[in-house]
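2 protein chains.
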Amino acid sequence: MATTTFGAKDVQELRQRTGAGMMDCKKALEESGGDVNRAVELLRKKGIAKAEKRSGRTASEGMVASYIHHNGKLGVLVEVNCETDFVARGELFQELVRAVAEHIAAGVPQPAMAVTREEISPEIVERERRILTEQAQASGKPENVIQKMIDGRIDKFFQEVALLDQPWVRDDSKTIGELVKEAGAKTGENLVVRRFVRFKIGEE
Amino acid sequence: MATTTFGAKDVQELRQRTGAGMMDCKKALEESGGDVNRAVELLRKKGIAKAEKRSGRTASEGMVASYIHHNGKLGVLVEVNCETDFVARGELFQELVRAVAEHIAAGVPQPAMAVTREEISPEIVERERRILTEQAQASGKPENVIQKMIDGRIDKFFQEVALLDQPWVRDDSKTIGELVKEAGAKTGENLVVRRFVRFKIGEE
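Line by line, the protein sequences are chains A and B. Be aware that the first sequence starts at 175, since it is given in this note's numbering, and climbs by one per residue. Be aware that the second sequence starts at 175, since it is given in this note's numbering, and climbs by one per residue.
In short, the hints are calculated from the structure, not lab data. Do not rely on the hints blindly, as some may be mistaken.
One copy or any two copies: either way a pair holds, since identical chains are not told apart in the list.
[Claimed, not checked] Listed below are the simulated DSS-like cross-link pairs for lysine-lysine, each with C-alpha atoms no more than 25 angstroms apart in a straight line:
1) 247 x 374
2) 183 x 374
3) 322 x 355
4) 330 x 315
5) 322 x 219
6) 348 x 330
7) 220 x 330
8) 355 x 315
9) 220 x 374
10) 330 x 355
11) 322 x 247
12) 315 x 247
13) 360 x 348
14) 247 x 355
15) 201 x 360
16) 247 x 330
17) 247 x 360
18) 200 x 219
19) 200 x 374
Predicted, not measured: the structure shown is a model, and the values here were computed from it.
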């Protein structure tokens, strides 16, 4: 029995990405030594897969919603995922998605930079930390106090720019993250704010 | 007379970005040796600029429009710029923006990857060229013919994935770029598709 360097999951992924048949996919994976990306290329070269399908990785359900404000000077697009189409079509989920889009458009305390604090670029966090450190050192307080000041302020920075950490514009007793969790509990599904953008005219 | 490493334009940019006064901005630029980014940091440290203003670079007018399709399974957000608010509020311009959003949502011949061919990532172009080269070489034709085949196919690739090069879904006798130019001629302004996103549920 020959050893193979790929599994059924690789074949399935390749089929999803290329739309090619099972046997063609297996053959391409053998040829590529199990490298799926290379196998996609091989199938395309052979003309079996005309173009890589752009979808496929996540099978999650959900909804894309927009919020256009100020007579078209500001727009938001947001994608929220859930587990089933049944929940995606429900009023409760759709209300949540609209609320999140509206919140992002409002841009308070300032426009969110990312969904979670982990997704904010390290350069931005580093720059913020540098500024806060210099500010704190200027206070002339002891080193241990300064460290606490910096930690507290970095945390506040995240609360201001990470969407899930921001207090909801309509009820600041809860964060957007809590709002999403609440809706998740009500629908019985794991709800995830996947991505968003906010375009404002005249903004960099 | 002291030599300065910055000009009136730098002061203006700094004022726009921080909201700080003229003299504070000049001082900060002197201190930063003309580095505007560093001057922003200096002003923040001094507490003169509480937070960097997020807008400023472009003063252009325009409109942000969305297009939600397939019961919320697909969404597009697009920003198109013009020169004056007068044109931005006009029916002709707004129709153009909606048409572009609708076209991006349709995603034909395939979803646009970028506004212009120059903005498509070099890695993607390189990968495409590699595949097309191997395909062309497999034809066994002479080298000069092969080169023409590759050039022709790369051009076709750009027509498929660069928004401005794509034939308009509603009238493929013109490209989106030509549609925008036409509207520009009618309004007498330079119109620019600045950016767009397309979110599709279940897509990578």
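Structure-based check of all given hints:
1. Within a single copy, residue 247 and residue 374 get their C-alpha atoms as close as 6 angstroms, and across copies as close as 24 angstroms, so both meet the 25 angstroms cut-off.
2. Taking the shortest alpha-carbon separations for residue 183 and residue 374, only the inter-copy value of 23 angstroms comes in at or below 25 angstroms, while the best intra-copy value is 42 angstroms.
3. In this assembly of identical chains, residue 322 and residue 355 lie within 25 angstroms of each other by CA distance neither inside one copy nor across copies; the values are 30 angstroms within and 57 angstroms between.
4. Proximity of residue 330 and residue 315 under a CA criterion of 25 angstroms is satisfied intra-copy only: 20 angstroms inside one chain copy versus 65 angstroms between copies.
5. Taking CA atoms no more than 25 angstroms apart as the test, residue 322 paired with residue 219 passes between copies only; the shortest distance there is 18 angstroms, against 58 angstroms inside one copy.
6. In the homo-oligomer, the alpha carbons of residue 348 and residue 330 lie at most 25 angstroms apart inside one protomer (15 angstroms), although the nearest pairing across protomers, at 51 angstroms, exceeds that limit.
7. Proximity of residue 220 and residue 330 under a CA criterion of 25 angstroms is satisfied inter-copy only: 19 angstroms between copies versus 54 angstroms inside one chain copy.
8. Proximity of residue 355 and residue 315 under a CA criterion of 25 angstroms is satisfied in neither setting, with 40 angstroms inside one chain copy and 61 angstroms between copies.
9. Proximity of residue 220 and residue 374 under a CA criterion of 25 angstroms is satisfied in neither setting, with 45 angstroms inside one chain copy and 29 angstroms between copies.
10. For the homomeric pair residue 330 and residue 355, the shortest alpha-carbon distance inside one copy (21 angstroms) is at most 25 angstroms, but the shortest distance between copies (46 angstroms) is not.
11. Taking the shortest Cα distances, residue 322 and residue 247 never come within 25 angstroms of each other, neither inside one copy (41 angstroms) nor across copies (45 angstroms).
12. Proximity of residue 315 and residue 247 under a CA criterion of 25 angstroms is satisfied in neither setting, with 45 angstroms inside one chain copy and 54 angstroms between copies.
13. Taking the shortest alpha-carbon separations for residue 360 and residue 348, only the intra-copy value of 16 angstroms comes in at or below 25 angstroms, while the best inter-copy value is 50 angstroms.
14. When the C-alpha separation of residue 247 and residue 355 is checked against a cutoff of 25 angstroms, the pair qualifies only between copies, where the shortest distance is 22 angstroms, while the shortest distance within a copy is 31 angstroms.
15. Proximity of residue 201 to residue 360 under the C-alpha cut-off of 25 angstroms is found in neither arrangement, the shortest distances being 46 angstroms within a copy and 56 angstroms between copies.
16. Taking the closest pair of Cα atoms, residue 247 and residue 330 never come within 25 angstroms of each other, the shortest separation being 29 angstroms inside a single copy and 35 angstroms across copies.
17. Within a single copy, residue 247 and residue 360 get their C-alpha atoms only as close as 35 angstroms, which misses the 25 angstroms cut-off; across copies the closest is 22 angstroms, which meets it.
18. Proximity of residue 200 to residue 219 under the C-alpha cut-off of 25 angstroms is restricted to the intra-copy arrangement: shortest distance 16 angstroms within a copy versus 60 angstroms between copies.
19. Taking CA atoms no more than 25 angstroms apart as the test, residue 200 paired with residue 374 passes in neither setting, with 47 angstroms inside one copy and 29 angstroms between copies.
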